[in-house]
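One line per chain: the protein sequences are A and B, in this order.
Going by this note's numbering, the first sequence opens with residue 7, and the numbers climb by one from there.
Going by this note's numbering, the second sequence opens with residue 190, and the numbers climb by one from there.
Some hints could be false.
Distance condition first, Cα-Cα at most 25 angstroms in a straight line; then the derived PhoX-like pairs of lysine-lysine [unchecked claim]:
id	chain 1	residue 1	chain 2	residue 2
1	B	Lys270	B	Lys200
2	B	Lys432	B	Lys451
3	A	Lys364	B	Lys432
4	B	Lys509	A	Lys232
5	A	Lys364	A	Lys231
6	A	Lys323	B	Lys478
7	A	Lys233	B	Lys509
8	A	Lys409	A	Lys435
9	B	Lys432	A	Lys323
10	B	Lys270	A	Lys311
11	A	Lys371	A	Lys323
12	A	Lys276	A	Lys371
13	B	Lys509	A	Lys328
14	B	Lys270	A	Lys323
15	B	Lys221	B	Lys451
16	A	Lys231	B	Lys509
17	A	Lys276	B	Lys277
18	B	Lys509	A	Lys323
19	B	Lys277	A	Lys233
Partner residues aside, some chain B positions facing chain A, computed with beta carbon under 7 angstroms [said to hold, decoys possible]:
id	residue
20	Gly235
21	Ser237
22	Ile356
By construction, these hints were calculated from the structure, which means they are not laboratory data.
Remember, it's a predicted structure, so these values are computed and weren't measured experimentally.
Note that CB positions come from ideal geometry on N, CA and C, so glycine has one too.
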Amino acid sequence: MEVTSMDNIYKSLAEIVGEEYVSNRKEELYIYSQDPGMMEPHEPDYVVMPKTTEEVQKIVKLANEEKIPIVPVGGSLSLSGLVIPHRGGITLDLKRMDRVLEVNEKSRYVILEAGVTTGKLKAYLERRHPNLRFSIPDAPPSATVAGNIVIHGQGRLTQQYGFNSDMVTGLEVVLPTGEVCKIGSCSVSPYWFSRAPLPDLAGFFLGWFGTTGIITKLGLRLYPKKKMRDAEVFVVEDPNLVPDIIYRLTHTEMTEDIVVAAQPYPLLYKDIIMILIYITGDSDEEVEFKRRMVWDALRTYIDSKEGGFSMLPPDMKQVLLKMPSSDTTRFADVMKGGGFEYCGPIIPVEKFPEAYKKLLELTSKYGITYGMTGRVIGRSHCMMFAFGYPFNRADPDNIERTKKALHDSNIASLDIGGVPWKPEVPAQKMVMERMDKNTLELMKRIKKLLDPNGIMNPGNWEAE
Amino acid sequence: MPGLKLKFDEKLCATCPTYDCLVRCQYMDIDKDTAKAEMEKMIKGGDSFVLQQCVTCYACEEYCKRGNHPFYLITDLQEKKGILPIPKPLVTQWINIGVPGRRDIQQFWGATEPAISLCLFPEYVDSIQGKLFEDVSIILGRYFFCQLAYLHFGKPSLIRERLPGIIENIAKHDFKEVICFHDECYSTFTSYAPAYGIEVPFKPIHLFEYLYNKLREHEDEIKPLNIKIAYQRNCSTRLAPKKEHFVDDIFSLIGAERVERKYDRENALCCAGIIRGLQKYDLFVDVQKRNVEDMVNVGAEYCVFNCPACFSSLSEAVAKKGIKSIMMHDLCKLALGEKPAGWK
C-alpha cells in the first residue's frame with residue numbers, strides 16, 4: 007500500500023474511533039502479529055479499537071471500499087493463529103465493546119457485546135445473578151465469549167447442553183459490505199430468547215472465524231447455578247475402557263461435566279487415564295444421590311479392579327473445581343519455555359483409544375512430551391480430544407519436532423474420522439481437501455456472496 | 190530387599206485364647222471359631238475371605254497382644270496371591286508417588302539435630318515453627334518417604350525393597366534421633382522394620398513424645414484451652430500403641446478434655462479414607478457417619494489428628510457438624526498462645 011494511501015486510511019480510522027484508539031506503531035503491530043501458538047507471525051498495518059456497532063460498521067465499509075483485509079480480534083487465544091493478519095490490513099480489536107447489555111433472569115439468557123470476556127461475564131453473573139451461569143471454557147479469563155462462540159468452543163456445561171455455540175440465542179452481525187444484521191428472535195422481537203423457529207442464519211457466522219462478518223452482539227443461554235459442586239476422578243489404565251465409561255456416565259444424566267485427561271508428569275499421573283466427573287446440587291442430599299448414581303454406573307469396572315475412584319485430597323479437589331481450570335495453563339509451561347500448542351479435533355467418543363494411542367506414538371516418535379485433555383460433548387455424542395504439546399520457545403529443535411507432531415496429529419484426527427477443531431490455516435486446507443466437493447462449493451458461494459471483495463480475515467477457510 | 194521374611198510365630202497363634210485379631214475386627218463379623226480357622230488357613234499360606242474383605246485398618250496388629258503381626262501376614266499373603274485391595278490403576282498411581290523426581294532432595298546438607306522428618310507432607314513445612322520447633326531441621330520428600338502406605342495396596346514387598354534405601358538416606362545425616370512428624374514413619378521404624386529384620390541405625394522419636402517434652406519445657410506459658418476434643422486415631426497408631434499415652438498426657442498439660450466416646454482408643458474407627466479408596470463406598474459413608482455422630486453426641490468441639498491423610502478424609506465431614514479439625518502440633522501451639530500457620 008502506498009504511504010499516502012496508508013496515511014489516509016489511518017486518518018479515516020482515527021476519525022471513526024478517535025486518535026486514541028487507532029495505531030500503526032510498530033510495538034503495537036508486533037503484539038497483534040501473533041498468538042501464543044506456533045503459527046508464523048504477521049503484522050497488521052493498523053490496529054483499531056471501536057466502541058460501538060456503528061464504529062465497526064464504518065470501519066468495515068472503509069475496508070470494503072479500499073479492499074483492505076480486516077481481522078476481528080477477541081482475546082487472541084485460539085492458539086491456532088486464527089487472528090493473525092496473514093495479509094496485513096486492519097486488526098479490529100473488539101475489547102472496548104465490553105458491556106453486558108441485559109440479563110433476562112426468567113428466560114435465562116444474556117445479551118453481550120462482542121468484547122465481553124469470559125472472566126467479566128463470570129464475575130458479573132456471580133455478583134448480580136448468583137442463580138445463573140454460563141458454560142465457561144477452560145481458557146484464560148481474558149478469552150472473549152464471542153471469540154469462544156465463533157470457534158465452536160466448549161465449556162463446563164458442554165456435556166449437558168452441547169457446544170457453547172449451540173447456546174447462542176441471537177446475533178448482531180456487521181456484514182463485510184457494512185450492513186448490520188440481526189439473527190434469531192431478536193430480528194423480529196425485542197427478546198433474544200432463541201434462534202428458532204426462524205431459518206437459522208447463525209450458521210453463516212459460527213465456525214467461520216470472522217471470514218463472513220463481524221459479530222458485535224450476541225445472546226447466550228444461561229443455566230441454573232447450583233449451590234454446590236463436587237468432583238470425582240475415575241482412573242483407568244486401559245484406554246479401550248474409556249468410551250464405555252463415558253457412555254455409562256452420560257447415561258446417568260447426573261453429571262455436569264466430564265473431562266478425560268492424561269499426562270506423564272508428575273509421576274503420579276504416569277501410565278493412567280483420569281476421567282474427571284463433576285457433580286452439582288442444591289443440597290448435600292442431591293449431590294450424594296448423584297454421586298451414588300455415578301459410582302453405581304461404574305461398579306463393573308471397580309469390581310474387576312480395572313478402574314477406581316481416586317482418593318482426592320481437598321487441595322487437589324480445589325484445583326479441579328476451579329473455573330476455568332488453572333491446571334491447563336500450569337501444565338502448558340511444563341517444558342519451561344512458554345510454548346504450548348494443541349490439536350483438538352472433535353472425534354466420535356468410540357475413537358478415543360485410537361486417538362490416545364496415536365498421541366503416545368507421536369510423542370515417542372518426536373521425543374516430546376504431552377498433555378491430553380478431552381471434553382465430552384453432549385451425552386457422549388462426541389468429544390474434543392486435545393493432542394497437547396508443551397514446548398520450549400527457546401529451543402528451535404523442540405519447536406520443529408512439536409510442529410511435526412501437530413501436523414501428524416491433524417492427519418491422524420482426520421484419519422480416525424474426526425474433524426480438527428479451530429484448525430490453523432494448513433489444517434483448514436487439510437479439512438477442505440477431504441470435504442465433500444459440493445459442500446466446499448457451497449462454502450465458497452456463501453463466502454463470495456457475503457464477502458465479495460474477500461476482505462474478511464483472508465487466509466482462513468479459503469478454498470483453492 | 191523383597192526376600193526379607195516376616196518374624197511370625199505360628200505357635201503363638203496356635204495357643205491364642207482369644208483370636209482377638211479377627212474377632213475384634215470392626216469391619217468383618219467373625220466369631221472365635223471362624224477366626225481360628227481362618228488364621229490357620231492363612232498361616233499355611235491358604236486362601237481366606239479375610240484376604241478379600243480386609244479394609245487394611247491395621248487394628249489387628251494392636252488387638253494381637255502377643256505381638257505376632259497378623260496384619261503383616263495378611264498383607265504378605267494378599268500380595269503373594271495377587272489380591273489387590275484397591276483397583277490396579279490406583280495401585281499404579283501409588284507406586285509412582287513414591288518414586289523420587291527432579292525436585293526431591295536426597296540429602297539436606299547442614300541439617301542438624303533436632304531433626305524432624307515430614308515424610309511426604311511438604312504442605313506442613315510452614316507449620317514447623319514457633320516455640321515448639323525452635324532450631325528444628327526439616328527433612329522431607331520421596332527420599333525420606335517411609336513407604337508404609339503400601340500395606341494398603343497389596344504391595345508390601347515394595348516397602349521392603351525401598352525402605353533400606355530410605356533408612357540409609359536418613360542415616361547419612363548422622364542423626365542420633367529423628368522426630369517422626371507422622372506416626373506412620375515412627376511405626377515403620379519401630380514395628381515394620383524390626384518385624385522383617387531391617388536395622389534402623391537411629392532412634393525414631395514419636396511426634397507426640399517430642400511435643401509433650403517441649404510443652405513441659407514451656408509449661409509456665411501454657412494457657413489451658415478448656416475445650417472438648419475427639420481424637421482421631423489413624424491406622425499406624427495401631428502399630429505403636431505404647432505411645433498412645435502421650436495423647437492423654439498432652440491433653441492433660443494443655444487443659445483439653447479427651448471426651449469419652451464409643452469409637453476411641455482400641456475401638457477407634459478408621460477415618461475411612463482408605464475404605465473409600467478400596468471403593469467400598471457404602472461402608473465409607475457408614476463408618477464416617479458413625480464416627481462423626483459419636484463425636485457430636487459427646488459434645489466434641491475439636492477433632493484432633495496426627496495424620497494428614499485422616500485430616501483430609503474427615504475434616505469436611507466434621508466441619509459440617511460444627512467441629513473444628515486441627516493437627517495435634519497446631520493444637521499445642523494454640524495452648525502456647527501461638528496461631529497455627531494459615532489461621533486467621
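Here's how the hints hold up against the structure:
About 24 angstroms separates the Cα atoms of Lys270 (chain B) and Lys200 (chain B), which keeps this hinted pair within 25 angstroms; it holds. Under the criterion of a C-alpha separation no larger than 25 angstroms, the hint pairing Lys432 (chain B) with Lys451 (chain B) is consistent with the structure, at around 21 angstroms. Distance hint between Lys364 (chain A) and Lys432 (chain B) is unfulfilled; the C-alpha atoms sit about 55 angstroms from each other, more than 25 angstroms. For the suggested pair Lys509 (chain B) and Lys232 (chain A), the alpha carbons sit about 19 angstroms apart, so the restraint of at most 25 angstroms is met.
The hinted pair formed by Lys364 (chain A) and Lys231 (chain A) fails the criterion: a straight-line CA distance of about 38 angstroms is larger than 25 angstroms. Annotation: proposed proximity of Lys323 (chain A) to Lys478 (chain B) holds, straight-line Cα distance about 21 angstroms (limit 25 angstroms). For a cut-off of 25 angstroms, the pair hint linking Lys233 (chain A) to Lys509 (chain B) stands: about 15 angstroms separates their Cα positions. Using a Cα cut-off of 25 angstroms, the hinted pair Lys409 (chain A) and Lys435 (chain A) holds, with the two alpha carbons roughly 16 angstroms apart.
With a C-alpha separation of about 33 angstroms, the suggested pair Lys432 (chain B) and Lys323 (chain A) falls outside the 25 angstroms cut-off, and the hint is violated. A C-alpha spacing of about 15 angstroms is found between Lys270 (chain B) and Lys311 (chain A), which places the hinted pair at or below 25 angstroms, so the restraint holds. Distance check on the hinted pair: Lys371 (chain A) and Lys323 (chain A) sit about 34 angstroms apart at the alpha-carbon level, beyond 25 angstroms; violated. This hinted pair checks out: Lys276 (chain A) and Lys371 (chain A) have alpha carbons roughly 18 angstroms apart, not beyond 25 angstroms.
At most 25 angstroms may separate the alpha-carbon atoms for a hinted pair to count; Lys509 (chain B) and Lys328 (chain A) meet this at roughly 22 angstroms. A distance of roughly 34 angstroms separates the Cα atoms of Lys270 (chain B) and Lys323 (chain A); the hinted pair therefore is violated under the 25 angstroms criterion. Between Lys221 (chain B) and Lys451 (chain B) the CA atoms are separated by roughly 23 angstroms; this keeps the pair inside 25 angstroms, and the hint holds. Between Lys231 (chain A) and Lys509 (chain B), the direct Cα distance comes to roughly 22 angstroms. Compliance with the 25 angstroms bound is thereby established for this hinted pair.
With a CA separation close to 13 angstroms, the supplied pair Lys276 (chain A) and Lys277 (chain B) stays within the 25 angstroms bound. For the given pair, Lys509 (chain B) sits about 17 angstroms from Lys323 (chain A) by alpha-carbon distance, which is consistent with the 25 angstroms threshold. Only pairs whose Cα atoms come within 25 angstroms are accepted, and Lys277 (chain B) paired with Lys233 (chain A) is rejected, the gap being roughly 35 angstroms. Nearest Cβ of chain A to the Cβ of Gly235 (chain B): about 22 angstroms, over the 7 angstroms cut. The hint is violated.
Of the supplied interface hints, the one on Ser237 (chain B) is violated, with its beta-carbon coming no nearer than about 19 angstroms to a beta-carbon of chain A, more than 7 angstroms. The interface hint given for Ile356 (chain B) is violated, since its Cβ lies 22 angstroms from the closest Cβ of chain A, which is over the 7 angstroms cut-off.
The structure fails hints 3, 5, 9, 11, 14, 19, 20, 21, 22 (numbered hints given earlier, in ascending order).
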